[in-house]
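Okay, here's what each chain looks like letter by letter:
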Amino acid sequence: MSNSTFNSATDVSYLEYQGKHKGLAGWLLSVDHKRIALLYLFSVLSFFLVGLTFGFLMRLELIAPGRTIMDPQTYNSFFTLHGIIMIFLFVVPGLPAIFGNFFLPLVLGAPDVAFPRLNLLSWYLYIIGGAVALISVFLPGGPVDTGWTFYVPYSVRTNTNVIPAMVGAFILGFSSIVTGLNFVVTIHRMRAKGMTFFRMPLFSWSLYATSWIQVLATPIIGITLIMVIFERVFKVGIFDPTLGGDPVLYQHLFWIYSHPAVYIMILPAMGVISEIIPVFSRKTIFGYKFIAFSSLGIAFFGSLVWAHHMFTSGMSTTASIIFSLLTFLVAIPSAVKVFNWVATLYKGSISLEPPMLYALAFIFLFSIGGFTGLIQGALSVDLHIHDTSFIVAHFHYVMFGGTGFGIFAGLHYWFPKMFGRKYNLKVATGAFWALFVGFNLLYFPMFIMGWLGMPRRYYDYLPEFTIYHQISTYGSWILVTAVLVMFGNFLSAIRKGEKTSEPNTWGGTTLEWETTTPPPLLNFKEAPVVTGEPYHYGDAAESAGKEAK
Amino acid sequence: MSTSAEHVEGHMEHRDDVASRMGVWLFLFTELLLFGGMFLVFAVYKYIHYDEFHLAAKELNSSIGALNTIILLTSSLTIALSITALQQGKKMLSIYLQVLTIVFAFGFMINKYVEWSSKISHGIYPGSEELLAKTSGEILFFGLYYVMTGLHALHVIIGVILIAFMTYGTIKNTINSDKYVRLEAAGLYWHLVDVIWIFLFPLFYLIA
Amino acid sequence: MSDHHSPEEHSHHPSYGTYIVIWLALLGLTALTVAVAGISFGNLAVFVALIVATIKSYLVVTIFMHIKIESKVFTYFIFAALFFFVVSLILLFADYRYL
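Chains as they are written, first to last, in this note's numbering: chain H, 1 to 549; chain U, 1001 to 1208; chain B, 2001 to 2099.
Rather than coming from a laboratory, the hints here were simulated on the basis of the structure. Treat the hints with care, since some could be wrong.
[What the hints assert, rightly or not] Computed Cβ-Cβ distance ranges for the label pairs, DEER-style:
#	chain 1	residue 1	chain 2	residue 2	range
1	U	Gly-1123	H	Thr-318	50 to 60 Å
2	B	Thr-2075	H	Asn-504	34 to 44 Å
3	H	Ala-25	U	Asn-1061	27 to 37 Å
4	H	Pro-241	U	Lys-1091	50 to 60 Å
5	H	Thr-318	U	Lys-1090	57 to 67 Å
6	H	Glu-464	U	Ile-1158	30 to 40 Å
7	H	Leu-60	U	His-1122	54 to 64 Å
8	H	Tyr-458	B	Thr-2075	50 to 60 Å
9	H	Pro-140	U	Tyr-1113	58 to 68 Å
[Claimed, not checked] Some, not all, of what chain U presents toward chain H, calculated at C-beta under 7 Å:
#	residue
10	Asp-1016
11	Phe-1029
12	Leu-1034
13	Ile-1102
14	Gly-1143
[What the hints assert, rightly or not] Covered stretches of chain U (in silico footprint by chain B; criterion: 3 or more residues with CB under 8 Å from a CB of chain B, positions within the stretch not fixed):
#	region
15	1077 to 1091
16	1193 to 1200
In this text, a Cβ means the ideal position worked out from N, Cα and C, and glycines have one as well.
Just chain H, same shape as in the assembly (with noise of 0.2 Å):
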């Protein structure tokens, strides 16, 4: 491509950029890649505020036995609301969307994604979605209050809102299979001259796996999600039991996309920590193809472990047991990530800056969760705790304490290189402690509790788990303080934060690093050519070039 004469494309940072469209159009309009990253950015963290708030006032109805704050049914609610919010608008779409989109292009050495268009064709699908959803809220009829997994039969009965619930879901489904497809398509076509599939920087790896599970098991959820629709509206008899249907099957079909969707949310922060780990260590990532190939093999197993969600749903015993030994296959790829993890760690040159903060969090976190995840593995455990506060202990561990670090850690890392600013360290960190703290505070109780019994989603408890509820809401409260520090970090930076043209704010050996800060419009001045591996520090080079072989 010949540059020479778009120099405002080369020269000029893709946030000065002066396009056709000026001002406001300039960004709704703009299908430049980090353009639609920055538009998801802050949509994805204003849902994600949105589905905190719900989520605090939970915890905070918890306080004591008994009501406190709310009635039940405006709990049953919240907590349906802070799951469809925090799943379907958060972490599904936070890291692919907006880092993805960012980075994608830039680790690859590609001027942009493979369809720019349909790339802001998800974003508005991902808005109009996300709007859909939350109209439901104030139309008469009432939120929806099915839990966010719209278990029939009760979703065909109940009478409050759950249509267009359904129907954000599906729009929001739709905007994540475009993402997918556009990443799937870019990673074997826009590769940057020398890059070869195992050239890719970790990240693009499992971007690439993340985008298959997509694009293959979204659709699966989106029909199930239709014909409960068409269930409701025309009568038609398809898992209704009152005409024949066989509500398991509901949750089969359900699963076999939300199952698969969790390693959508999980892939691409284990991305992240990939990136992450090697730069604050100045090692060589250690084990380069394990780690991509695990992220094949995670959305490999990961698709067919479904039905450990379903032990106690009255499923036959033979499939019971296929899925549960299934369900322990999957800890394999998982942990030779976090192996290779700690092993690049050893014997390096470690810096605890706000970006290895979360990182190190991520590991220790995403370990307990994962550990978790096996003992409900097991079949005559999860017996016990099923639709237990353990459970919920669990999936935050793994969703907020993995992937939601991991977008915090993708935050702090690339926020410099997005911006062109410089974020308060100090904030950062304290930001980040208090965030550990809390988050444990306000989730390992909940592990406990759930092993004495205290069901999930309920209301009202016995007055012996008092305790465990009141640590867990005062850890909330601490929680909610340190995300609210973090964003008002970041927002102050992009104000008035301190200017920065340095290309590798960290010692990066990637792509990104590599233009100018913040990158051009084109990405790069010239066409990067590829000539060796993504991570190369010193004398550890020399033992990842025997590895590759």
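We have chain H already, so just place chains U and B on it with the hints.
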């Protein structure tokens, strides 16, 4: 469906037809699995309610089903031929073939209309008293029949709209013997609609 | 990588003749599957019908949809998608078959 990867305001004309077709194929997978989800439901219920499904399938008119299969297969041929024609620079032939495809699609829809309205006039439609009086296997069969063939028909309609746009583009020369990847995309979509019908037809009409 | 950077690739499409032969084959298979449905094969009937449908789809996908002349990577993609569906079906029946 974006079929060419153009950068901002045409600053960088980046054309990659393979990428475009790859994108279309990935989209087709999502369509395939959308129907795949319904096929999973169908398979399970057919397994559980084996006899009732056979009984219910007797109500369907397999001649209409076979006729529609022939129509769709032929329309698949015409759209495939239209691409080859355009590639060889025979613009008018390509346009005729595209229009013929649309005509076949209308034929399919008319058949479908006749079929559905005869079912509905017999009182067999979701929620009708006649249907609810039947066994649960039959209720499920007809529920799936309406949902699956209905969604398939919706895809036929979308396909017609897509092909109509392509015909317009061919007339206007924006789709021509050098740049025809959008027509290929519409063609791929249309073939997928055909493939889905290839499976719907025996599963609903021929299991009696 | 075989799928890397070959923009504006124009594949050579099959001739009219090939298409028409395939179309005739598809019509023949349709006739076959309808005829066979008349014979009472019992449990095998659905199986036979699905085999015929699979052959028909194979023809449409390889010839009409050009997978035969497309880059190999497209074939791998299709296998990935089919694999996901088939495995889901098998595991689903792990429940219903042994209930």
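Here is what the structure says about each hint:
no.	hint	verdict
1	U:Gly-1123 - H:Thr-318: 50 to 60 Å	violated, 41 Å
2	B:Thr-2075 - H:Asn-504: 34 to 44 Å	holds, 41 Å
3	H:Ala-25 - U:Asn-1061: 27 to 37 Å	violated, 55 Å
4	H:Pro-241 - U:Lys-1091: 50 to 60 Å	holds, 58 Å
5	H:Thr-318 - U:Lys-1090: 57 to 67 Å	holds, 59 Å
6	H:Glu-464 - U:Ile-1158: 30 to 40 Å	violated, 58 Å
7	H:Leu-60 - U:His-1122: 54 to 64 Å	holds, 58 Å
8	H:Tyr-458 - B:Thr-2075: 50 to 60 Å	holds, 51 Å
9	H:Pro-140 - U:Tyr-1113: 58 to 68 Å	violated, 36 Å
10	Asp-1016	holds, 6 Å
11	Phe-1029	holds, 6 Å
12	Leu-1034	holds, 4 Å
13	Ile-1102	violated, 26 Å
14	Gly-1143	holds, 4 Å
15	1077 to 1091	holds (count 6)
16	1193 to 1200	holds (count 4)
Of the numbered hints given earlier, the model fails hints 1, 3, 6, 9, 13; all others are met.
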